[in-house]
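Student: One letter stands for each residue in the lines below.
There are 2 protein chains.
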Amino acid sequence: MVLLNIDRKSTVPVYQQILNQMIELIENESLKTGDQLPPTRKLADRLGLDRTTVTRAYLELNALGYVESRPGSYTRVRKRIPVIRHEYETEEPLINWSSCSNAMSNKLFEYFLNFRPESVKDLKQGVINLSPLDLDYRLFPVNEFRRCLNQVMVNIGSELLRYGDYQGYAPLREDIAGRLRIHGIRSSADEILITNGAQQALELILKLLGKPREKVAIEAPTYANVIPLIRHHNLDLMEIPMKEQGMDLDYLADEFRKKVPLFVYTIPNFQNPTGITSSQEHRENLLAICEKYRLPLVEDGFEEEMKYYGKVVLPVKSMDRHQIVLYLGTFSKVLFPGIRIGWIAAEKECIQRLTAIKRFTDLTGSNLVQAALSAFLRNGYYDLHLKKMHRVFRKRMTIALQALEGSMPSGATWTRPDGGYTIWVSLPRSYQDEQKFKQLLIKKGVLASPGLYYFYSSHQHKYFRLSISSLEDGEIREGIYRLAEAIRELMKKEN
Amino acid sequence: MVLLNIDRKSTVPVYQQILNQMIELIENESLKTGDQLPPTRKLADRLGLDRTTVTRAYLELNALGYVESRPGSYTRVRKRIPVIRHEYETEEPLINWSSCSNAMSNKLFEYFLNFRPESVKDLKQGVINLSPLDLDYRLFPVNEFRRCLNQVMVNIGSELLRYGDYQGYAPLREDIAGRLRIHGIRSSADEILITNGAQQALELILKLLGKPREKVAIEAPTYANVIPLIRHHNLDLMEIPMKEQGMDLDYLADEFRKKVPLFVYTIPNFQNPTGITSSQEHRENLLAICEKYRLPLVEDGFEEEMKYYGKVVLPVKSMDRHQIVLYLGTFSKVLFPGIRIGWIAAEKECIQRLTAIKRFTDLTGSNLVQAALSAFLRNGYYDLHLKKMHRVFRKRMTIALQALEGSMPSGATWTRPDGGYTIWVSLPRSYQDEQKFKQLLIKKGVLASPGLYYFYSSHQHKYFRLSISSLEDGEIREGIYRLAEAIRELMKKEN
Numbered sequence: 000m001v002l003l004n005i006d007r008k009s010t011v012p013v014y015q016q017i018l019n020q021m022i023e024l025i026e027n028e029s030l031k032t033g034d035q036l037p038p039t040r041k042l043a044d045r046l047g048l049d050r051t052t053v054t055r056a057y058l059e060l061n062a063l064g065y066v067e068s069r070p071g072s073y074t075r076v077r078k079r080i081p082v083i084r085h086e087y088e089t090e091e092p093l094i095n096w097s098s099c100s101n102a103m104s105n106k107l108f109e110y111f112l113n114f115r116p117e118s119v120k121d122l123k124q125g126v127i128n129l130s131p132l133d134l135d136y137r138l139f140p141v142n143e144f145r146r147c148l149n150q151v152m153v154n155i156g157s158e159l160l161r162y163g164d165y166q167g168y169a170p171l172r173e174d175i176a177g178r179l180r181i182h183g184i185r186s187s188a189d190e191i192l193i194t195n196g197a198q199q200a201l202e203l204i205l206k207l208l209g210k211p212r213e214k215v216a217i218e219a220p221t222y223a224n225v226i227p228l229i230r231h232h233n234l235d236l237m238e239i240p241m242k243e244q245g246m247d248l249d250y251l252a253d254e255f256r257k258k259v260p261l262f263v264y265t266i267p268n269f270q271n272p273t274g275i276t277s278s279q280e281h282r283e284n285l286l287a288i289c290e291k292y293r294l295p296l297v298e299d300g301f302e303e304e305m306k307y308y309g310k311v312v313l314p315v316k317s318m319d320r321h322q323i324v325l326y327l328g329t330f331s332k333v334l335f336p337g338i339r340i341g342w343i344a345a346e347k348e349c350i351q352r353l354t355a356i357k358r359f360t361d362l363t364g365s366n367l368v369q370a371a372l373s374a375f376l377r378n379g380y381y382d383l384h385l386k387k388m389h390r391v392f393r394k395r396m397t398i399a400l401q402a403l404e405g406s407m408p409s410g411a412t413w414t415r416p417d418g419g420y421t422i423w424v425s426l427p428r429s430y431q432d433e434q435k436f437k438q439l440l441i442k443k444g445v446l447a448s449p450g451l452y453y454f455y456s457s458h459q460h461k462y463f464r465l466s467i468s469s470l471e472d473g474e475i476r477e478g479i480y481r482l483a484e485a486i487r488e489l490m491k492k493e494n
Numbered sequence: 000m001v002l003l004n005i006d007r008k009s010t011v012p013v014y015q016q017i018l019n020q021m022i023e024l025i026e027n028e029s030l031k032t033g034d035q036l037p038p039t040r041k042l043a044d045r046l047g048l049d050r051t052t053v054t055r056a057y058l059e060l061n062a063l064g065y066v067e068s069r070p071g072s073y074t075r076v077r078k079r080i081p082v083i084r085h086e087y088e089t090e091e092p093l094i095n096w097s098s099c100s101n102a103m104s105n106k107l108f109e110y111f112l113n114f115r116p117e118s119v120k121d122l123k124q125g126v127i128n129l130s131p132l133d134l135d136y137r138l139f140p141v142n143e144f145r146r147c148l149n150q151v152m153v154n155i156g157s158e159l160l161r162y163g164d165y166q167g168y169a170p171l172r173e174d175i176a177g178r179l180r181i182h183g184i185r186s187s188a189d190e191i192l193i194t195n196g197a198q199q200a201l202e203l204i205l206k207l208l209g210k211p212r213e214k215v216a217i218e219a220p221t222y223a224n225v226i227p228l229i230r231h232h233n234l235d236l237m238e239i240p241m242k243e244q245g246m247d248l249d250y251l252a253d254e255f256r257k258k259v260p261l262f263v264y265t266i267p268n269f270q271n272p273t274g275i276t277s278s279q280e281h282r283e284n285l286l287a288i289c290e291k292y293r294l295p296l297v298e299d300g301f302e303e304e305m306k307y308y309g310k311v312v313l314p315v316k317s318m319d320r321h322q323i324v325l326y327l328g329t330f331s332k333v334l335f336p337g338i339r340i341g342w343i344a345a346e347k348e349c350i351q352r353l354t355a356i357k358r359f360t361d362l363t364g365s366n367l368v369q370a371a372l373s374a375f376l377r378n379g380y381y382d383l384h385l386k387k388m389h390r391v392f393r394k395r396m397t398i399a400l401q402a403l404e405g406s407m408p409s410g411a412t413w414t415r416p417d418g419g420y421t422i423w424v425s426l427p428r429s430y431q432d433e434q435k436f437k438q439l440l441i442k443k444g445v446l447a448s449p450g451l452y453y454f455y456s457s458h459q460h461k462y463f464r465l466s467i468s469s470l471e472d473g474e475i476r477e478g479i480y481r482l483a484e485a486i487r488e489l490m491k492k493e494n
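Which chain is which? The protein sequence lines are B and P, in order.
The numbering of the first sequence is numbering that gives the first Met the number 0, which starts it at 0 and goes up by one.
The numbering of the second sequence is numbering that gives the first Met the number 0, which starts it at 0 and goes up by one.
It is possible that part of the hints are untrue.
Identical copies look the same in the list; a pair holds intra-copy or inter-copy alike.
Okay, derived cross-link-like pairs now, BS3-like style, lysine-lysine, Cα gap no bigger than 25 Å in a straight line [claimed, not checked]:
no.: 1; residue 1: Lys214; residue 2: Lys106
no.: 2; residue 1: Lys387; residue 2: Lys310
no.: 3; residue 1: Lys31; residue 2: Lys310
no.: 4; residue 1: Lys310; residue 2: Lys8
no.: 5; residue 1: Lys492; residue 2: Lys257
no.: 6; residue 1: Lys210; residue 2: Lys106
no.: 7; residue 1: Lys310; residue 2: Lys41
no.: 8; residue 1: Lys347; residue 2: Lys210
no.: 9; residue 1: Lys214; residue 2: Lys310
no.: 10; residue 1: Lys347; residue 2: Lys106
no.: 11; residue 1: Lys386; residue 2: Lys491
no.: 12; residue 1: Lys78; residue 2: Lys310
Honestly, the hints are just simulated from the structure, not real lab data.
This structure is a prediction, so every number in the text was calculated from the model and none was measured.
Take the sequences, apply the hints, and build the full model.
Tutor: Structure representation (structure tokens):
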């Protein structure tokens, strides 16, 4: 008689518990070749289960060759090639992954282990976390997106579950082209490649243009995730300091005279982490320098649509008559990041080359999600959502800037972004111990992102980034007050 | 007065047409700073549109800084930094993408342009296409998956639209671990990384283990998409001939004595393209060789669950007591490929290292799709679907093998797969002209995939792969008859 233990509280489905235990019994020969299994109805009754659950387990056993059943006869254990049973734990590991991996992967792994910005979940209750640049999920238009998923599954159906176009779902590329048009960018759907977020866009560009031991020019500070990625491609970094108006173009021009990089990476709007928006003139000058050197300019427009105050400054790509700009966009910072949809808009051949790389590295993106997003845009949900986001975050940014004004100790300075979510704070002087400062912040019930994440080489312990993206009005205000208190205490102590 | 042309048949949404044309009018100064826009109601009436459509366009204009409106007042054109208008077409391109790209990307691009297996869509009506290894989309469980999407959006909601776990949605990793258990693999959820299909799994492994100018051992013939990918990583290929029982292990051992590769890539079940399944003994021997050299063994189990006849042979990973096997799986060849979900099961540190690489190349996969798939598995839809697929394709494979038996000219041989979708056909002797043969096939109303796609170096024009994955019973039978006729004609001509 077969003895089975069913745990109804387990996350393992019941039919699979039956299956696993049956396999165990067959493999340890408690059930031998030719033995009958109990009839499904009988076993179901005994275990107090629905018969279909038992039937499912039996079908699976049959598919796996453990049993055979003929019409009108019992299910019996069949002869099957025996499994060699090993106890992994007792064996010596044969492979040293660190020596197996290449040097660049080893460095990346080290970085991965050390670079762990605190997520909200890891923090004790009540700590206000000004670190993550994740959108406030309380604002996500979940129902609207669910309706769009349904709509496309009903209207388009199986076509969405096939391999998609390597370049991305064509109607969505048209939608993106339409939105770019609003920002003065005249790319057609042919000149757009849809990627798994802007991060994959950067990866593909590095795969296309990377040549060992060459350099990539980046702003210092810059988007933290781009630094290890460039290093992983075995490339060096040319760090161009950020000034109040954007990257220091005199410095850039000087550097170019010494060594021309592979390309320039810039974030002209609400730069991550500084929040700085460069002027039209600055953009024209940057473009002119790149044109002079015939250099690709990678413009990260990740928060293009999140402008709250001031005059509109159009993207560099809108002035790109020689098609040297590779423009990156994403839906992660306006809508939600979980759909993993970003894009590159660039000259057609460049897009084809990037598509070739994407095709061989992960074939295609998800048609289903891309079609749902297209429906979301065409139904007008995106515009309504954008309007709401502007309203909410214009207020939140105003609150943040007022709170800074009202609470920061003298000598501390900060940027005043026209949009986006991040503010860059500079202390009156640098402090010594990063870990100690972090402990102090946590004691005060707040966290912010240390400036060192955003630099590759030289930096002082003097900066940090505040992000208001995941917090509500009151949380922002209270968080900044706590932060100001911590800074005041730190400055006093270190005096 | 503002003149707008609305094209209701256009794929561009109407509100966006209004928006684009308004921007045009403002930019070419038909509308000047301070000019009034017509009230939304009036414009809507004139154009015969719903007022909300016009309102949406105005809101967007406002967000972009083109207009301003105060409560109770008209909407007016505001001062905005002028856009520099360029006509791209007239400018000389500044960048030569071919010289900008690295050598490996150039090669990949060339391959991409030349390697274009005919898709069904490109073919004239009536041609039966035995080339693509895409699943028959008529069998996709669309409604069940739609229900699962709804279920998770309703029950879990916004959490699914945030950035996910770098390693993949934890419940789905548990589900996969549960399924692997059925195949004798004892990986825990910690030892699994979810990828964008099996292709990204290969990409990540190459990123981890690739060292320039080293070799990767592959079967010859093998999965076509892996060849350019390995080459793109600047690695050489060690081609191990396929024999009737799987890769030639004597040859492999000989090669190893000359040069040890970085890893071995094998497809033990229904190998793509040959359809060959290696025996338990062969698997043990292959594993023993890799263990001896302390070499990672990449086992591609892409069709693990698609076995129709014969005894079950367990994956190499099930015997992997030293944890040297990196096992790849995918849902693309049983369920549908459009969700882009594959995985790697390997030793925990190896998985962490691969996760680090994935984290910096595209952050995370889509939580939403992964959660829906998890619900699909837990609701039992996957088992029901698998059962249906077995029933359908056992029959289709039987039909294919019978049709080959009944129609192929003497001297032609073919494999008799125990599962999967592909059959490898060898002609009595090699033919001369690939293009000519293709023309002949198309004339006969059939297509198959030329063998040369599956080799890197030496090969003869003698083989091709038949895939039954996308065709129904009658199409398979008729396709094979037509193919046999074409081969007979070819052999006669070339005599």
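Student: Indicate, hint by hint, whether the structure satisfies it.
Tutor: A quick look at each hint next to the structure:
no., hint, verdict
1, Lys214 - Lys106, "both (18 Å within a copy, 22 Å between copies)"
2, Lys387 - Lys310, "within (20 Å within a copy, 60 Å between copies)"
3, Lys31 - Lys310, "between (79 Å within a copy, 16 Å between copies)"
4, Lys310 - Lys8, "neither (58 Å within a copy, 35 Å between copies)"
5, Lys492 - Lys257, "neither (44 Å within a copy, 66 Å between copies)"
6, Lys210 - Lys106, "both (18 Å within a copy, 14 Å between copies)"
7, Lys310 - Lys41, "neither (76 Å within a copy, 28 Å between copies)"
8, Lys347 - Lys210, "within (22 Å within a copy, 32 Å between copies)"
9, Lys214 - Lys310, "neither (34 Å within a copy, 56 Å between copies)"
10, Lys347 - Lys106, "between (35 Å within a copy, 18 Å between copies)"
11, Lys386 - Lys491, "neither (44 Å within a copy, 71 Å between copies)"
12, Lys78 - Lys310, "between (77 Å within a copy, 9 Å between copies)"
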